[in-house]
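Novice: For reference, the chains in residue letters:
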Amino acid sequence: MQLEAKKLSYRYGCYPWLFREVDFTLSPGEVVGLLGPSGSGKTTLCRILAGYVKPAEGRVLLGGKPITRKGYQPVQLVFQHPEKALNPRWRMRKVLKEAEVEDSILEALGIQSEWLSHFPGELSGGELQRFCVARALGKGTRFLIADEMTTMLDAITQAQIWNAVLNAQKQREMGIVVVSHEEKLVARLCDRVMRLSR
Amino acid sequence: MAILEVENLSVSFNQYKMFRSVKSKVISSLSIAVDEGEIVAVVGASGSGKSLLAQAILGILPPNATIDGIMLFRGETLTLARQKALRGREIAIIPQSVNSLDPLMRAGSHVRTSVTAGNASDLQKEVFKRYHLEEKVEKLYPFQLSGGMARRVLLASAMVSGAKVIIADEPTPGLDEQYVAEALQHLREFADNGCGVLLITHDIGAALKIADKIAVFYAGTTVEIASIENFRGDGEDLRHPFSKALWRALPENGFEPIPGSQPQPDKLPSGCLFAARCKKAAAACSAAFPEMRELRNGRVRCIHAT
Ligand code: SF4
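Protein chains in written order, with my numbering: chain A, 1 to 198; chain B, 1001 to 1306.
Please note that the accuracy of each hint is not assured.
Below, in silico cross-link-like pairs of lysine-lysine (DSS-like), each with a Cα-Cα straight-line distance of 30 angstroms or less [unchecked claim]:
{"hint": "1", "chain 1": "A", "residue 1": "Lys184", "chain 2": "B", "residue 2": "Lys1209"}
{"hint": "2", "chain 1": "A", "residue 1": "Lys184", "chain 2": "B", "residue 2": "Lys1136"}
{"hint": "3", "chain 1": "B", "residue 1": "Lys1125", "chain 2": "A", "residue 2": "Lys184"}
{"hint": "4", "chain 1": "A", "residue 1": "Lys94", "chain 2": "A", "residue 2": "Lys6"}
{"hint": "5", "chain 1": "B", "residue 1": "Lys1023", "chain 2": "A", "residue 2": "Lys94"}
{"hint": "6", "chain 1": "A", "residue 1": "Lys7", "chain 2": "A", "residue 2": "Lys54"}
{"hint": "7", "chain 1": "B", "residue 1": "Lys1125", "chain 2": "B", "residue 2": "Lys1136"}
{"hint": "8", "chain 1": "A", "residue 1": "Lys170", "chain 2": "B", "residue 2": "Lys1244"}
Covered stretches of chain A, going by a simulated chain B footprint (3 or more residues, C-beta under 8 angstroms) [said to hold, decoys possible]:
{"hint": "9", "region": "36-43"}
{"hint": "10", "region": "151-157"}
{"hint": "11", "region": "175-187"}
No lab work stands behind these hints, which were simulated from the structure alone.
These numbers were taken from a predicted model, which means no experiment stands behind them.
By construction, the Cβ of each residue, glycine as well, lies at the ideal position given by its N, Cα and C atoms.
Please work from the sequences and hints to get the whole structure.
Specialist: Right, here's the structure in full:
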């Protein structure tokens, strides 16, 4: 099963095009870096690939079929700000519930069992992001879109999260898109790199 | 001479969790000093108390915080009244969030109101050029600015304030590489003019480019203060096990994580705060909170460091 973008173009209303006719294919087991200056549309492209935003032109296919956000989600998106991705009124246990995350992943991410009874407001950014990553690594995930996923984290937490992700990626042949402004991280993680220009 | 000194600072909060009052110690016995002409970078995990240190120095901690310890600006104690008088004049902050711009103030006047001496209008025009902000940006409101532009307005405001100390709290995320390099260079020039910079960042790479010293934070305290030359190779010149682990975890170094996570402020262990994750931990480590001590021209909070 591949994740394919065909001739994607995007702009807000009548503003200038953010990008035009972007073609992109992600195969199982592949880790691809997406680089580009700020304002080149990386985040929007990620949101389109994950099915959250409709492109102005072109389409996204998952295993040959159009992507939707209904039901089972094989394409998961994790972005920079975990506090914006979590319901403040849900305890962390509930956040993980639907995703069916294996215990080994929680452990590899350094998630402590006592954090499960906390609300998001009681945990630090690094702690919250581990939950967002765990949730995105549920059993059904085939593709992960990581948009500046570890940008605000310290190097140890970053290495810990990526090691956990890469282990799961190898075991299950997941495909990953890595968006980062940090070239050294991209060089460390990715098999190939795609560049967007402004 | 030290322009800013913090000695044995502790900050705790009383919070209500599940109907109980819980004491959270977010900063423990933290000591740090910034000399004239110096940039000290503060690096460490998120939730290690980096931003709270900035708030403590500026006197803008929330009212339920209890503070203990000494803070000095040019040798004089920073009382709340003095902090208020110095804030924005002698001590300026480059805040972490671009949301701290007043939504009803145009970019130009935001920078002009930050000027404390000299011709505000001239200085604003000059600093706009320096930060590649076009003239028309003066008239824009924060919601009309891109993230990168808003960030440059914040940098520009701190630079025209005439402050002697700048506290830069994660000043560069969202900026393109060229702007990051320039913003860091401007902080360096600012320090070279005899001022002091406390650069709070999670980005060791950025810190190494411009700082003189790095203070490594863990769970609300300084575990090591080292000159930047010590950050090389396999981390063999570093003193604290956490600093070594942080260095080796960089993608360009080993990218090796260590297991576990930083203890939460309401569940701090009694002895060394890093003990649960330290390979060298022994019984003595948990007996008492290690003192900061001098070692090989740096400082370290570890009883076994050599
Ligand atoms: S005091 Fe002990 S536990 Fe703490 S860092 Fe040093 S060796 Fe490790």
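Novice: Closer than 8 angstroms, Cβ to Cβ, for at least three residues: run that test on the region 36-43 of chain A against chain B and report holds or violated.
Specialist: holds (count 3)
Novice: Under the criterion that the straight-line Cα-Cα distance not exceed 30 angstroms, is the pair Lys94(A), Lys6(A) satisfied?
Specialist: violated (36 angstroms)
Novice: Between the region 151-157 of chain A and chain B, are there enough contacts, at least three residues with CB-CB distance under 8 angstroms, for the coverage claim to hold?
Specialist: With 7 residues closer than 8 angstroms to chain B, the region 151-157 of chain A meets the three-residue bar; holds.
Novice: Straight-line Cα separation of Lys184(A) and Lys1136(B) no greater than 30 angstroms?
Specialist: Distance of about 36 angstroms is beyond 30 angstroms: violated.
Novice: Hinted pair, alpha-carbon criterion (30 angstroms max): Lys7(A), Lys54(A). Please report holds or violated.
Specialist: holds (13 angstroms)
Novice: Taken at face value, is the distance from the CA of Lys1209(B) to the CA of Lys184(A) at most 30 angstroms?
Specialist: holds (15 angstroms)
Novice: Could you grab the alpha-carbon distance between Lys1023(B) and Lys94(A) and see if it respects the 30 angstroms cut-off?
Specialist: Measuring from Cα to Cα gives roughly 26 angstroms; hence the hint holds.
Novice: Report holds or violated for chain B covering the region 175-187 of chain A, Cβ cut-off 8 angstroms, minimum 3 residues.
Specialist: holds (count 5)
Novice: Check the hint pairing Lys170(A) with Lys1244(B) against an upper bound of 30 angstroms on the C-alpha distance.
Specialist: Status holds; Cα separation ~28 angstroms.
Novice: With a cut-off of 30 angstroms on the C-alpha distance, tell me whether Lys1125(B) and Lys1136(B) pass.
Specialist: Holds, at roughly 11 angstroms.
Novice: Is the hinted pair Lys1125(B) and Lys184(A) satisfied, with a Cα-Cα distance of at most 30 angstroms?
Specialist: Distance ~36 angstroms between Lys1125(B) and Lys184(A) Cα, so the pair is violated.
Checked against the numbered hints given earlier, this structure breaks hints 2, 3, 4; the rest are met.
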